[in-house]
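Work out the full structure, taking the sequences as your base and the hints as a guide.
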Amino acid sequence: MNHFKSELELLQKIWSDEPSELSVLRQKAFNRFSELGFPTKKWEDWQFTDFSPFEKTEFRMTTPEDVPSLDTVTPSPIGDAVYSILVLNGHYQPQLSDVPDGVKIRTLLDVFLKDSSLGKSLTDENPFSALNTSLMNSGLAIDIGDRVELDKPIHYRFITTDVKEPAMNHPRLLIRLGKHSSASIIEHYQGVHSKLYWNNCVTLTELGKNSSLTHVRIQKDTGYHTCNMEYHLQEDATMNSLHFNRDTTLYRGDSLVRFHGENANANLNGLSLLKNHEHSDSRIVVDHSQPNCTSKQFFKTILNDNSGGVFNGRVIVRENSQKTDSSQSNKNLLLSKSASMHSNPQLEINADDVRCSHGSTTGQLNEDALYYLRSRGIDISTARLLMVEGFGKEVLSHINHESLAKYLNENLVTWLEGLSHG
Amino acid sequence: MLEIKNLHVSINNKKILKGINLAINAGELHAIMGRNGSGKSTLAHVIAGKDGYEIEGDVLFNGESLLDKSPEERALAGIFMSFQYPVVIPGVNNTYFLKAALNAKLKANDQPELDAMDFLALIKEKIKLVEMDESYLSRAVNDGFSGGEKKRNEILQLLTLEPTFAILDETDSGLDIDALKIIANGVNQYRNSERAILAITHYQRLLDYMKPDVVHAMIDGKIVKTGDMSLAHELEEKGYSFLSTKDTN
Numbered sequence: 047m048n049h050f051k052s053e054l055e056l057l058q059k060i061w062s063d064e065p066s067e068l069s070v071l072r073q074k075a076f077n078r079f080s081e082l083g084f085p086t087k088k089w090e091d092w093q094f095t096d097f098s099p100f101e102k103t104e105f106r107m108t109t110p111e112d113v114p115s116l117d118t119v120t121p122s123p124i125g126d127a128v129y130s131i132l133v134l135n136g137h138y139q140p141q142l143s144d145v146p147d148g149v150k151i152r153t154l155l156d157v158f159l160k161d162s163s164l165g166k167s168l169t170d171e172n173p174f175s176a177l178n179t180s181l182m183n184s185g186l187a188i189d190i191g192d193r194v195e196l197d198k199p200i201h202y203r204f205i206t207t208d209v210k211e212p213a214m215n216h217p218r219l220l221i222r223l224g225k226h227s228s229a230s231i232i233e234h235y236q237g238v239h240s241k242l243y244w245n246n247c248v249t250l251t252e253l254g255k256n257s258s259l260t261h262v263r264i265q266k267d268t269g270y271h272t273c274n275m276e277y278h279l280q281e282d283a284t285m286n287s288l289h290f291n292r293d294t295t296l297y298r299g300d301s302l303v304r305f306h307g308e309n310a311n312a313n314l315n316g317l318s319l320l321k322n323h324e325h326s327d328s329r330i331v332v333d334h335s336q337p338n339c340t341s342k343q344f345f346k347t348i349l350n351d352n353s354g355g356v357f358n359g360r361v362i363v364r365e366n367s368q369k370t371d372s373s374q375s376n377k378n379l380l381l382s383k384s385a386s387m388h389s390n391p392q393l394e395i396n397a398d399d400v401r402c403s404h405g406s407t408t409g410q411l412n413e414d415a416l417y418y419l420r421s422r423g424i425d426i427s428t429a430r431l432l433m434v435e436g437f438g439k440e441v442l443s444h445i446n447h448e449s450l451a452k453y454l455n456e457n458l459v460t461w462l463e464g465l466s467h468g
Numbered sequence: 014m015l016e017i018k019n020l021h022v023s024i025n026n027k028k029i030l031k032g033i034n035l036a037i038n039a040g041e042l043h044a045i046m047g048r049n050g051s052g053k054s055t056l057a058h059v060i061a062g063k064d065g066y067e068i069e070g071d072v073l074f075n076g077e078s079l080l081d082k083s084p085e086e087r088a089l090a091g092i093f094m095s096f097q098y099p100v101v102i103p104g105v106n107n108t109y110f111l112k113a114a115l116n117a118k119l120k121a122n123d124q125p126e127l128d129a130m131d132f133l134a135l136i137k138e139k140i141k142l143v144e145m146d147e148s149y150l151s152r153a154v155n156d157g158f159s160g161g162e163k164k165r166n167e168i169l170q171l172l173t174l175e176p177t178f179a180i181l182d183e184t185d186s187g188l189d190i191d192a193l194k195i196i197a198n199g200v201n202q203y204r205n206s207e208r209a210i211l212a213i214t215h216y217q218r219l220l221d222y223m224k225p226d227v228v229h230a231m232i233d234g235k236i237v238k239t240g241d242m243s244l245a246h247e248l249e250e251k252g253y254s255f256l257s258t259k260d261t262n
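Going down the list, the sequences are from chains B and H.
If you want the working numbering, it's the 1-based position in the first sequence plus 46.
If you want the working numbering, it's the 1-based position in the second sequence plus 13.
It should be emphasised that the hints constitute simulated quantities derived from the structure, not laboratory data.
Be aware that one or more of the hints could be misleading.
With a straight-line Cα cutoff of 16 angstroms, these simulated EDC-like cross-link-like pairs (lysine to aspartate or glutamate) come out [said to hold, decoys possible]: (1) H:LYS194 to H:GLU162; (2) B:LYS74 to B:GLU55; (3) H:LYS82 to H:ASP71; (4) H:LYS82 to B:ASP117; (5) B:LYS160 to B:GLU67; (6) H:LYS63 to H:GLU86; (7) H:LYS63 to B:ASP425; (8) H:LYS118 to B:ASP425; (9) B:LYS198 to B:GLU81; (10) B:LYS150 to B:GLU111; (11) H:LYS63 to B:ASP414; (12) H:LYS63 to B:ASP126; (13) H:LYS238 to H:ASP221; (14) H:LYS120 to B:ASP425; (15) B:LYS51 to B:GLU81.
Now the structure itself:
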């Protein structure tokens, strides 16, 4: 804790010209973080993950000196059919970014100067979001106006490369979609080396009335990654999200969906690929506090080696949220005997005229299916590959953007081909 | 082509097959009839290579023992089984699966593999033979298929992979008369003097359309009588009890 305190003091020294409200906010958030501390095994919603590495490692904040030579930036792996927003080791690179009409990109400080409420962390019980509020050093707001229809996805790339270890960033991303607008946003974290680093993110997404957002979060940080995601939907809004996760040593993600009007729809999909000693912990809360809204959760994990996964999903249907239609499905595939998965889908229903379902399965490859494929002449390793790929592809099949779908499918296939068998 | 020699099979020490002897030559269609639990499906799976059985005796295919071979080695050698319960494989595209299977066979025979275009042209011809809608090609293997569609999908595979020996395990079960005719028609298209078929069934219905050369009656893990189509009629008429022998356990 003392270590984080001195990082905050350092930050406040470097940014001594920050508005005093922000300084106060940082201090308050830090006090909250200090009270909470890092989660322990006694915290119910955190019990299956060991958070001690965050405490043991003396992570340091990145500084402008950490920005690498821009020559090192590789072209977008998703190709040109996107508007690219680039952040390098926590530092926004406007000269390498391409902002479409109808969209405003501002740094968080600019946003804060106009509307200080935006800097607040909305979840008070999560030490990681409190720490993010306290130390946020990399903030961007993507504002999409009313009645804007983007022809291409916005590709927000957050690259961590060649950084002196152990570094940390506390990025905050605000996505605001105006009324009757539609957009796709790819939030992409990419680690280019295997050094120890940590990105502790907060992403707040607001969907205006009758807007439609596709939010694809590609999480390929090779270090530690924690994130808090909130989705706020006004009436008639539709949100489709995909959380794709691979290569991360230690991951904890919290997602919260809130409805602020009727007839809104939230579809959340996720695919986590885990190998070696990687660990991934996803917690999803969908809070139905309005009638006539729908939510769907479809999350899958593929685990190899000694990896571990946690899925903790909760749907709350509050009183008067009649005609809620909610489903929750978590399926996990264990490719190794030493991998482990904790899956805990939960429903809390306080209204009577609702349709809610939930289900969870964790198991190994279906032996009958494997035999069936082999009986057609397909060798055992190809048969396994086909089945595992098929298991993962089900989640990716909703992606319409061609080069993005190709990128994600290739990521699945290359991950599978790189697995150790034993 | 296929020769089964004094085959005894147990699962968890429970005897299922108790000394099967059978020889099937090229060009022949043999039918095995028997009640549920008589061991018919176990025989089919032992030939196809499912594991989990304790086996004595031998199964020879073109003079070579199959028993040490994996299911895929048997398939590549020319053996095919139409499953009684075809397996649903979510996420695996039916066309992609069939192409992988055919190309595995072509590769094993040192023949050039088919690319996606050529394969699609081929499969669109084959699918007409089983009167299936082309939309089944873009779905996951057997996923959401009705019982009849699953069986047609098995025969589609048979016609595409063109094995030399085909086992039809209860391919007629759960089919209405129209579907049955389509299945029988598909099997008859497959049939020629260089291929052989072992059809396993409860009923003579399918056999009426396929005209077997030899009919075997199986009771309690043994072939108790062998004859021609008239045996099938007799079994249908009188039931299996007229053949029952004393239990040898």
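Quick rundown of the hints versus the structure:
no.: 1; hint: H:LYS194 to H:GLU162; in the structure: 13 angstroms, holds
no.: 2; hint: B:LYS74 to B:GLU55; in the structure: 13 angstroms, holds
no.: 3; hint: H:LYS82 to H:ASP71; in the structure: 12 angstroms, holds
no.: 4; hint: H:LYS82 to B:ASP117; in the structure: 56 angstroms, violated
no.: 5; hint: B:LYS160 to B:GLU67; in the structure: 12 angstroms, holds
no.: 6; hint: H:LYS63 to H:GLU86; in the structure: 12 angstroms, holds
no.: 7; hint: H:LYS63 to B:ASP425; in the structure: 14 angstroms, holds
no.: 8; hint: H:LYS118 to B:ASP425; in the structure: 11 angstroms, holds
no.: 9; hint: B:LYS198 to B:GLU81; in the structure: 44 angstroms, violated
no.: 10; hint: B:LYS150 to B:GLU111; in the structure: 27 angstroms, violated
no.: 11; hint: H:LYS63 to B:ASP414; in the structure: 9 angstroms, holds
no.: 12; hint: H:LYS63 to B:ASP126; in the structure: 49 angstroms, violated
no.: 13; hint: H:LYS238 to H:ASP221; in the structure: 19 angstroms, violated
no.: 14; hint: H:LYS120 to B:ASP425; in the structure: 12 angstroms, holds
no.: 15; hint: B:LYS51 to B:GLU81; in the structure: 13 angstroms, holds
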